[in-house]
Amino acid sequence: MSTFPEITARAWNEGRLLDAVLELTHRCNFDCFFCYNDRVLRTWPLTSDEYSDLMEQLADMAVLNLTLTGGEPLVHPDFFAIGARARDLGFVIRLKSNGHLLRGDVARRLKDEVAPYQIDLSVHGATAEVHDRQTQQPGSFDQLLKNIDEMNRLELRMKLNCTLTAWNEEEVEEIFNLADRLGLLLNFNATVSPKDNGDTAPMSLAPTPEGISRLSRALAQRREEAQRREKEESPLKDGKGQGPDVIRHCGAGASSVTIDQWGNVMPCVQWRRVVGNVREKPIAEIWSTSSGLEEVRALTVEAKKVVPHFDGPADVTIFCPGIADLLTGDALAFYPGLPSQEATSSSDDGAVDH
Amino acid sequence: MPSAFRIAPDVRYRVIDDEAVVVRQREGDVLVFNQVAARVIQLVGEGLSPQQIGDCAVDEFDAPEAMIREDVETFLDELESLNVVERLAPAGQDS
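For the record, the sequence lines run as chains G and B.
Using the numbering used here, read the first sequence as starting at 1 and increasing by one per residue.
Using the numbering used here, read the second sequence as starting at 1 and increasing by one per residue.
It cannot be assumed that every hint is accurate.
[Unchecked claim] Across the chosen pairs, the derived CB separations fall in these ranges: (1) G:Q136 - B:D10: 32 to 40 Å; (2) B:E46 - G:T289: 43 to 51 Å; (3) B:E78 - G:N29: 41 to 49 Å; (4) B:R6 - G:E280: 24 to 32 Å; (5) G:N277 - B:R87: 30 to 38 Å; (6) G:E295 - B:E65: 45 to 53 Å; (7) G:G139 - B:A89: 23 to 31 Å; (8) G:D112 - B:E46: 19 to 27 Å; (9) B:E65 - G:I318: 50 to 58 Å; (10) G:A284 - B:A89: 33 to 41 Å; (11) B:V58 - G:E224: 51 to 59 Å.
It should be emphasised that the hints constitute simulated quantities derived from the structure, not laboratory data.
It should be emphasised that the depicted structure is a prediction, and the values quoted were computed from it without experimental measurement.
Glycine included, C-beta positions come from ideal geometry on N, C-alpha and C.
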């Protein structure tokens, strides 16, 4: 019998879809300066019925994890209908949200009607001054903390996501401390991407080399602490442990896929190469016949070979072919920065993360 | 007659390559079950009674009937102890 890491590794290697991301809308109740979403509506977005049909297809393909994201997914007028349908179809649901609306009736309905596995919340600083500067919404930091407290009482599992920017890089340690105080995992992303339409304006907020080094040091220290704790604590739970070797650098287009509000299918949130549209073909057909996906899968195999030979801070770099493609036009080209490192800031290590 | 079961409300599962990947959302962990258990989980999910699940398993698996029925009962007990399935109260009884 397999372990879960073995199943995940086989999915990467054999091109079996396990994770789907639905970008329900690019609209948002915040106006973050660095947001990569292109908010221009090009065509009519998918309807609730189209989402229902798409999710049935994904369930038939045995997709396990479904991420509902945006923009801010909660501003989608049919969010609860879509979320409830996803729950009924048996997905492990993750919600990516800025958290501002997650209080009162909305939080309660989320728990009762959608029952997500986890809510990933965006935090932009350790203080109201820095966080609210990014969201351009006065009071958003204090509201987020109140909402986290309320969701804790509802026993909703949460995690924090933070993009490192020139505005918050001096608060790295404080942001980790904030996550610790809240008892939440924290994920840092150190790459500020261009907008989906190629506009590079958000990159003016990219972190400085000093900021990236500061994050690297903080991450290294926390990894050491986590490893020490791991040695001291209990043995591996079921479903954990090392999987077999994988042939790809990442699962983009091999075990995961992103579908935007217009039905465009892309290998990953970061790799915005359109390989099909669910209004034109069933997702299973796109998955099995798209030449664009075949090319992406070949590139992720190639990336696995070339990334270890990059010059630069390879010890702290998790290379993203999608960002490389966006920034350089070459999915295998080195680019500066520290795209993503995950740090454990609580003892819960999120078993369905991978 | 044995009680009927249902998949626990916080549990999500998929059958992948004949194995069941089961996520216990409350515990935040993942369990993997073999082919027979995967089929049992599927049939519980479809609302079949233990008797019906046994009948299906006898039809589908190549082993002595008594052994299959015993395995099904064992799996159901194990799944219940792991909070993957829960026992439904008999009709007319409060849960």
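Results of checking the hints against the structure:
no.: 1; hint: G:Q136 - B:D10: 32 to 40 Å; in the structure: 37 Å, holds
no.: 2; hint: B:E46 - G:T289: 43 to 51 Å; in the structure: 31 Å, violated
no.: 3; hint: B:E78 - G:N29: 41 to 49 Å; in the structure: 46 Å, holds
no.: 4; hint: B:R6 - G:E280: 24 to 32 Å; in the structure: 39 Å, violated
no.: 5; hint: G:N277 - B:R87: 30 to 38 Å; in the structure: 46 Å, violated
no.: 6; hint: G:E295 - B:E65: 45 to 53 Å; in the structure: 52 Å, holds
no.: 7; hint: G:G139 - B:A89: 23 to 31 Å; in the structure: 48 Å, violated
no.: 8; hint: G:D112 - B:E46: 19 to 27 Å; in the structure: 24 Å, holds
no.: 9; hint: B:E65 - G:I318: 50 to 58 Å; in the structure: 53 Å, holds
no.: 10; hint: G:A284 - B:A89: 33 to 41 Å; in the structure: 40 Å, holds
no.: 11; hint: B:V58 - G:E224: 51 to 59 Å; in the structure: 55 Å, holds
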